[in-house]
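**Q** Next come the chains, spelled out residue by residue.
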Amino acid sequence: MAKRTLMKGNEAICYGAVAAHCDAFFGYPITPQNEIPEKMSVLMPQNGGVFLQAESEVSAINMVYGAASAGKRAMTSSSSPGISLKQEGISYIAACELPCVIVNVQRGGPGLGTILAGQADYFQMIKGGGHGDYKIITLAPWSVQECYEFMPLAFDLADKYRNPAAILMDAILGQMIEAADLHGNFHYPTYDKPWATTGAKGRAHNVVNSLWIDPPVLEALNQRLQERYRAAERDEVRYAEYRTDDAELILVAYGTTARICRTVVDLAREEGLKVGLLRPITLYPFPTPRLAQLATAGTRFLAVEMSCGQMVEDVRLAVNGAAEVAFHGRTGGAVPTPAEILDRVRELLASPRLYAGSEQRGSA
Amino acid sequence: MEKVFERPRSLTDLEFSYCPGCAHSIIHRMIAEVIDELGIVESCVGVCPVGCAVFMYDYMACDMIEAAHGRAPAVATGVKRVLPDTIVWTYQGDGDLASIGTAEIVHAAARGENISVVFINNATYGMTGGQMAPTTLLGQKSTTCPTGRTVAANGYPIRVCELLAALDGPSYIERVAPTSPAGLVKTKKAIKRAFETQIAGKGFSLVEVLSNCPTQLRMSPIDSLKWVDENMVPVYPPGVFVDK
Numbered sequence: 001m002a003k004r005t006l007m008k009g010n011e012a013i014c015y016g017a018v019a020a021h022c023d024a025f026f027g028y029p030i031t032p033q034n035e036i037p038e039k040m041s042v043l044m045p046q047n048g049g050v051f052l053q054a055e056s057e058v059s060a061i062n063m064v065y066g067a068a069s070a071g072k073r074a075m076t077s078s079s080s081p082g083i084s085l086k087q088e089g090i091s092y093i094a095a096c097e098l099p100c101v102i103v104n105v106q107r108g109g110p111g112l113g114t115i116l117a118g119q120a121d122y123f124q125m126i127k128g129g130g131h132g133d134y135k136i137i138t139l140a141p142w143s144v145q146e147c148y149e150f151m152p153l154a155f156d157l158a159d160k161y162r163n164p165a166a167i168l169m170d171a172i173l174g175q176m177i178e179a180a181d182l183h184g185n186f187h188y189p190t191y192d193k194p195w196a197t198t199g200a201k202g203r204a205h206n207v208v209n210s211l212w213i214d215p216p217v218l219e220a221l222n223q224r225l226q227e228r229y230r231a232a233e234r235d236e237v238r239y240a241e242y243r244t245d246d247a248e249l250i251l252v253a254y255g256t257t258a259r260i261c262r263t264v265v266d267l268a269r270e271e272g273l274k275v276g277l278l279r280p281i282t283l284y285p286f287p288t289p290r291l292a293q294l295a296t297a298g299t300r301f302l303a304v305e306m307s308c309g310q311m312v313e314d315v316r317l318a319v320n321g322a323a324e325v326a327f328h329g330r331t332g333g334a335v336p337t338p339a340e341i342l343d344r345v346r347e348l349l350a351s352p353r354l355y356a357g358s359e360q361r362g363s364a
Numbered sequence: 001m002e003k004v005f006e007r008p009r010s011l012t013d014l015e016f017s018y019c020p021g022c023a024h025s026i027i028h029r030m031i032a033e034v035i036d037e038l039g040i041v042e043s044c045v046g047v048c049p050v051g052c053a054v055f056m057y058d059y060m061a062c063d064m065i066e067a068a069h070g071r072a073p074a075v076a077t078g079v080k081r082v083l084p085d086t087i088v089w090t091y092q093g094d095g096d097l098a099s100i101g102t103a104e105i106v107h108a109a110a111r112g113e114n115i116s117v118v119f120i121n122n123a124t125y126g127m128t129g130g131q132m133a134p135t136t137l138l139g140q141k142s143t144t145c146p147t148g149r150t151v152a153a154n155g156y157p158i159r160v161c162e163l164l165a166a167l168d169g170p171s172y173i174e175r176v177a178p179t180s181p182a183g184l185v186k187t188k189k190a191i192k193r194a195f196e197t198q199i200a201g202k203g204f205s206l207v208e209v210l211s212n213c214p215t216q217l218r219m220s221p222i223d224s225l226k227w228v229d230e231n232m233v234p235v236y237p238p239g240v241f242v243d244k
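Note that the protein sequences, when read in sequence, are chains R and V.
Following our numbering, the numbering of the first sequence begins with 1 at its first residue and continues without gaps.
Following our numbering, the numbering of the second sequence begins with 1 at its first residue and continues without gaps.
Hints listed in this document are in silico derivations from the structure and should not be mistaken for laboratory results.
Small disclaimer: the values here were computed from a predicted structure and weren't measured.
Hints are supplied without guarantee of correctness; some may be wrong.
Said to hold, decoys possible - Taking lysine to any residue pairs in the SDA-like style, the calculated list, with each CA pair at most 25 Å apart, reads:
1) 193(R) <-> 42(V)
2) 201(R) <-> 55(V)
3) 201(R) <-> 14(V)
4) 201(R) <-> 140(V)
5) 201(R) <-> 13(V)
6) 201(R) <-> 226(V)
7) 226(V) <-> 140(V)
8) 188(V) <-> 205(R)
Claimed, not checked - FRET-style restraints, in silico, Cβ to Cβ:
9) 334(R) <-> 17(V): 50 to 60 Å
10) 47(R) <-> 155(V): 40 to 50 Å
11) 150(V) <-> 317(R): 52 to 62 Å
12) 110(R) <-> 222(V): 51 to 61 Å
13) 220(R) <-> 6(V): 28 to 38 Å
14) 47(R) <-> 200(V): 24 to 34 Å
Said to hold, decoys possible - Residues from chain R that face chain V, not an exhaustive set, calculated with beta carbons under 10 Å:
15) 52
16) 54
17) 329
Each residue gets a CB set at the ideal place from its N, CA and C atoms; glycine is no exception.
All chains should be modelled from the sequences, with the hints used to inform the complete structure.
**A** Dropping the structure here:
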């Protein structure tokens, strides 16, 4: 049996970063992610890497920009208000086609909000929090184990697509202690970085830049980025399903909320209600094709989030009018309980079906 | 025939796009000469700013990174920390360094970050059209203080060398005025000294270059140099502020 260690999600992120051979961490304190810079201040020097506490989130992401330009694996972590500050730098990093990893341990907003958990940064992370047409490949772990596992995956996706990758978690996942198996068993390729600014030794000078005054040149960059995003949408969609085979109602939730929804599925099934769960693991690229497929089968959906309704918009886009999509959300640090979600499930299944779907299944 | 003057190897073949008489061209050339003389073109990384000098990445033959406005010291820190054997330098204007990027420059200096900074102070926002800079002089007109900078409305200009010299981190800080042949010689020497400070591993170095913007001053190049001597030099006195 594998050795398992009790730790917080925030700590597992750090061990995952080390397993990914992260070269440099730059960050700034903000609750509820402080265990990450604290742990990294020990782990990075121990593993031959760089740790630096920056003067601000703005500086931290620009240090990541510099280290990534130099061809190194660099990361930063923060929480919602700090991620807002990083958006300028993230836009530049995406425009310069640089890989890096950003961890967002979400808290409730807007404004200073709360240090308790929230999921209201979905728009910021998925729809582009900064200026311009770019996307961040975003993974949503739901356990401490996945916090560990997803760091090497995030670094690999960042290098593969030469684009920032993000881990979107929340205060509960960051602070929750669970057993994790730090197996160190990852087999990702290494990547050549001939574009890196490492000193122009024996080659023409490399330039990392995002200013393109000539319209065809900037348009070509945008087209190149979009082609890369289409490739990620084709090849990198990850999701998990639970008891969806015969489900008449499918809960859609990610991270902490998905765990709560798994409990709801079991409670509903005990009452004979045919409920399932679809958990997006990549929020970008979103599991759009699978949701579209399920929608044509006449299933209804209930999106559950710790927000006023953000991811639910992507569920609606995915089903494109072919199925009923309801929403249940809590904010302000409040967490939806299994009981209140179950009430909503009962209510929905008792109400008349609005959409027949192209093929009926289950009882009407 | 012996060649007595040639293009530095550290410059590309591209022509500068700067206005006639602007100090950027000559400072670029000096940096290139210093890089040549120190033999570091293959081992240095430059970080250029937002502003008129934004295209510096095309002019320099070494590896270059174009930073967001004011963020060059943070970007340079990122490079230097992961590639400590690389010589990392930034080139920043007054809006970039002394306004939007004050946090980055102050903390890079306070850390004694082993990078070299060339700071171009021309008391105006040249590229965006002559708006008030953090270093615009009291009484100086700009497109955002059209009747002249006043203490009541805009506060005082910032003396960057004096400000940073108050920190324990910096190893070398000098202000120069390349408005005369003697001033040009001093400027080149100061830039070289800044790079040598970094190569010796001594930590943060900065050279403030008092520069002329004939376009925004609406003066001939010669008059604009005279303006720098008569108006900027009394407020921003040249000299060595830190030399450890």
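**Q** Given the hint of 51 to 61 Å, is the C-beta distance from residue 110(R) to residue 222(V) inside that range or not?
**A** At 55 Å between Cβs, range holds.
**Q** Do the beta carbons of residue 150(V) and residue 317(R) sit within 52 to 62 Å of each other?
**A** holds, 54 Å
**Q** Given the hint that residue 188(V) pairs with residue 205(R), test it: the Cα-Cα distance must not exceed 25 Å.
**A** Given that 25 Å is the threshold and the Cα spacing comes to 24 Å, the pair holds.
**Q** Mind checking the hinted window 28 to 38 Å against the Cβ distance between residue 220(R) and residue 6(V)?
**A** holds, 36 Å
**Q** Does the structure keep residue 201(R) and residue 226(V) at a Cα separation of 25 Å or less?
**A** Not satisfied, since the Cα-Cα distance of roughly 42 Å exceeds 25 Å.
**Q** Against the range 40 to 50 Å, how does the distance between the Cβ atoms of residue 47(R) and residue 155(V) compare: consistent or not?
**A** holds, 47 Å
**Q** Holds or violated: residue 201(R) with residue 55(V), Cα cutoff 25 Å?
**A** Given pair residue 201(R), residue 55(V) holds - Cα atoms ~22 Å apart, limit 25 Å.
**Q** With a cut-off of 10 Å, does the beta carbon of residue 329(R) approach a beta carbon of chain V closely enough for the hint to hold?
**A** violated, 35 Å
**Q** If you check the beta carbons of residue 47(R) and residue 200(V), does the distance land in 24 to 34 Å?
**A** Holds: the Cβ-Cβ distance is about 29 Å, inside 24 to 34 Å.
**Q** Are the Cα atoms of residue 201(R) and residue 14(V) separated by 25 Å or less?
**A** holds, 20 Å
**Q** Is the shortest C-beta separation between residue 54(R) and chain V less than 10 Å?
**A** Holds, because the Cβ-Cβ distance from residue 54(R) to chain V comes to roughly 7 Å (cut-off 10 Å).
**Q** Report holds or violated for the interface hint on residue 52(R), using the least CB-CB distance to chain V and a cut-off of 10 Å.
**A** Interface hint status for residue 52(R): holds (6 Å vs cutoff 10 Å).
Checked against the numbered hints listed earlier, the structure breaks hints 4, 6, 17; every other hint is satisfied.
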